Structures are given as C-alpha cells and as structure tokens.
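Modelling step: build the complete structure from the supplied sequences, incorporating the hints.
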Amino acid sequence: MTHPDDLEADLSYAKKVFTGQIRFYHMEKRYIHKQRHVVWVTLTASAVLDASGQVSYGIAQVQDITARKNAEATLRRNQEELQGLAGRLITVQEEERKRIARDLHDDLSQRLALLCVDLDLLRQGVPNGAEGARELERIRRETEELVLDMRRLSHNQHHPQLALGLQHGVAGFCHDFSRQHGIAVKLVHEEDVKQIPEVVCFTLFRVLQEAMSNVAKHSGADRVTVTISVTGDQALLRVTDQGQGFVIGSDGGLGLISMRERLRLVGGTMRVSSSPLRGTDVEAVVPIPISSRAVTASV
Amino acid sequence: MKPKLLVAEDHAAMRAKVVSILERDFDVVANVAGGPAAVEAASKLMPEVLILDVSLPVLDGPGVARHLKDQGCSAKIVFISVSKDLNQLAACLEAGGDAYVSKMRMGTDLIYAVSEVLAGRRFVSPDV
Chain A
0 MTHPDDLEAD
10 LSYAKKVFTG
20 QIRFYHMEKR
30 YIHKQRHVVW
40 VTLTASAVLD
50 ASGQVSYGIA
60 QVQDITARKN
70 AEATLRRNQE
80 ELQGLAGRLI
90 TVQEEERKRI
100 ARDLHDDLSQ
110 RLALLCVDLD
120 LLRQGVPNGA
130 EGARELERIR
140 RETEELVLDM
150 RRLSHNQHHP
160 QLALGLQHGV
170 AGFCHDFSRQ
180 HGIAVKLVHE
190 EDVKQIPEVV
200 CFTLFRVLQE
210 AMSNVAKHSG
220 ADRVTVTISV
230 TGDQALLRVT
240 DQGQGFVIGS
250 DGGLGLISMR
260 ERLRLVGGTM
270 RVSSSPLRGT
280 DVEAVVPIPI
290 SSRAVTASV
Chain B
0 MKPKLLVAED
10 HAAMRAKVVS
20 ILERDFDVVA
30 NVAGGPAAVE
40 AASKLMPEVL
50 ILDVSLPVLD
60 GPGVARHLKD
70 QGCSAKIVFI
80 SVSKDLNQLA
90 ACLEAGGDAY
100 VSKMRMGTDL
110 IYAVSEVLAG
120 RRFVSPDV
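Residue numbers (numbering that gives the first Met the number 0), protein chains in the order written: chain A, 0 to 298; chain B, 0 to 127.
Among the clues, some could well be false.
[What the hints assert, rightly or not] Mimicking DSS-like on lysine-lysine, the simulated pairs with C-alpha atoms at most 25 angstroms apart in a straight line are:
1) B/83 <-> A/185
2) A/97 <-> A/68
3) B/43 <-> B/68
4) A/97 <-> B/83
5) B/68 <-> B/3
6) A/68 <-> A/28
I should point out that these hints are in silico values taken from the structure, not numbers from a laboratory. These numbers come from a predicted model, not from an experiment.
Quick look at the structure:
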C-alpha cells in the first residue's frame, strides 16, 4: 500500500501518463509493508499505447531502495552529531582559553606590576647617578614591557569584550590591533550581528585574529577593512587590505589551513583572493541554522 | 588627623602592596577584595578617598563608583589598573573617578594621586 504522504504525487503523475500529458515518470516513494514497516522504492511508470494512440496498458518498475535510504538517514544523523561535537569542541576550547587568559591577567600580570612597584621603590632609595641606578631603570623598563606583552597574550587567548558579542569583541580587537601595529582599521557592520550563534562567533573571531596577524606580518598595508554581516542564513567576515599580496599557492605558514579547518568544523568556507601588489581579500562564510537565529533573536 | 582611605583590590599581594604604600601618610580604614564589600565598607566607614581596582570581581571598580555616587557618596575615587587602555580610562572617569593610576607606577604615582584628589584636582598616570 502506498504511504499516504506519497499518494497524491503518485496519483497525479499516473493521471498525466494515462491522459497522454507525459510519457513516463520516475519518483522515490514509500510503501507500507503488510508487516507495517515502511519500504522505500524508486518507481518508474509508463503507458503503452495502441495503434490509435490510446493507452492500452501501463508498465511499472519498482526497486527497493530502503537500505540506501536508511544508510542516508544514518549518515545525516552522524553528520549532525559530528557538527554538534565540533560545536562543543570549539566551546570547550574557548572556555580553556578564557581560563588561561584569566590566569594571565588575574595573577601573572598583577605580580609583574608588583615587581615594577618594588623596583620603583628600590630606585627611590638609590641616588641619581649612583652605580646600579641605570641598571635598575633598565630592569624596570623590561618588566613593564613584560606586563604589556602578558596583557596582549591574555587578550589573544580570549578578548574580554567577546563576552558582550561578536560586534564588541571585533571592535575591541580592531582597536587594540590598530594601536599595537599602527595600522588603521575600518570596521563595517552591515547588519545586526547579535543573532550569530556563540560557536560561530568564536570561530569567526579566531579567523579574524589569524587574518589580521597576516596583515600585520606580511602585507605592509597601512590600512585594513574588516566587515562582519549577516546575509540571509549566512554570517560573513571579510578582511581586505591593499598591501603587497602574495601568490596563491605560496601561502605556507599563513595559517590558511588552520582557518579553513576551524571553519569546516562549523560548516563554513573561506575564499582568499590575492596577487602580488594588489592586496589580499579573505572572506569567511558560515551558515547560521535558522533555529539558532530565532532562539538568539528572541533572547 | 590623617585622611581616611578604603582600598578595594582582589589580588591579595597587590592589595597588601597598596596598603603598605599608603599607610604611612594615610589612615587605611579598610581593605577589601570585592566590589560589594567595597560598597558596604564605604557606606559604613565614610572614607575620604576610595582606591578601586578596575577589575574587581562581581561588581567592577566603575560599577562600585556609580553605585556609591548614586547613593550620594562624596568620597574621591582613585582607580588603579594594569591596563593603559584609553577607553577604560574614559569609562572610569565617566563613572565618577577623580584619578587613574597605572599599577606599574604606583610606587611613584599613588601617594601623589591621593594628595591631588584630596586637593580637588584630577590625576592620570603619565604613561596612560
């Protein structure tokens, strides 16, 4: 017996064949077995006409494809499970990074700042020009540089403003990047990006860090444009510079593989356009599940 | 009589250092490790100057400042932080801060900053 959900389509095609509108049809449909389980088949049906062009009888060929359909369903479930695990992996990794960042900021940078204070107090007891005064000042400067490096390291692990959403994290990062490297950053938000799920935010933020690190190290550019937007059911991050570019294929060490790998975990893709003296354009696109968007938007 | 001060800093060694720098010239009436404790102690002990770490747990330094200012607290506020971020400095001043001292420069700047705010002036560490 044909499954009720497939009956209407089947009858509609059959009617067209028997009224001569189409010669044959081919469809996947379900039957309900007499033991009440579903059997998937492919059905190919056609009409045989007599000499006057009237239908004299029909021919139907049915092939059982239940095993293939079950395998496809299992594959789909496994892919969904894998996607879920990848999401959890990214979340756990970000939690770990946040913990390291907190340890760096909450303890190590405070202790280094304390060293600076102690060195200043020690220096106050040493007369100007005395032996050791300059050496104390040098150690003091080195220690302060360590504090600032520690802070940068902490922010690279986890930017505190990312907790407020991708928009804030990206803005904070671009601000720090601009100050650290002297490269002007133009940040463009094309839409409200609050609706991007957290796991996608983490991924796009990491891709941004890697892409901007390439801009600072290799491009020689004095300005860069960062765009984040949501278009339809896709989140997009784009980093464009007018620097010296590179020949695609000679990009070993630019971290493009790790960026692609990160994106793959959330079903995203990356496109890189570059050529010598014409700058580089990196575009990462990640699909956003409609359900996630709805849930996030209602919060 | 020495002016009364309150110190709020969550890192224990840092808190001890702040107190040791200040206690010769000022009367440190309380030292606490968190934002809510700072609000409670300030409301009770009425210090003339609050030394607030920017990144206090639960309620951060600017949050403590806003809360106390809303309650009508007239104490002067000196923020201390490892960060030299200008956005953070602006947020601290907006929250009612009178001074912002880089923690790396507390050995040279902290006593001076407290004296300045007590005299009705503002102070920001020169390396910020």
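For each hint, the structure was consulted:
no.	hint	result
1	B/83 <-> A/185	holds (22 angstroms)
2	A/97 <-> A/68	violated (43 angstroms)
3	B/43 <-> B/68	holds (14 angstroms)
4	A/97 <-> B/83	holds (21 angstroms)
5	B/68 <-> B/3	holds (18 angstroms)
6	A/68 <-> A/28	holds (11 angstroms)
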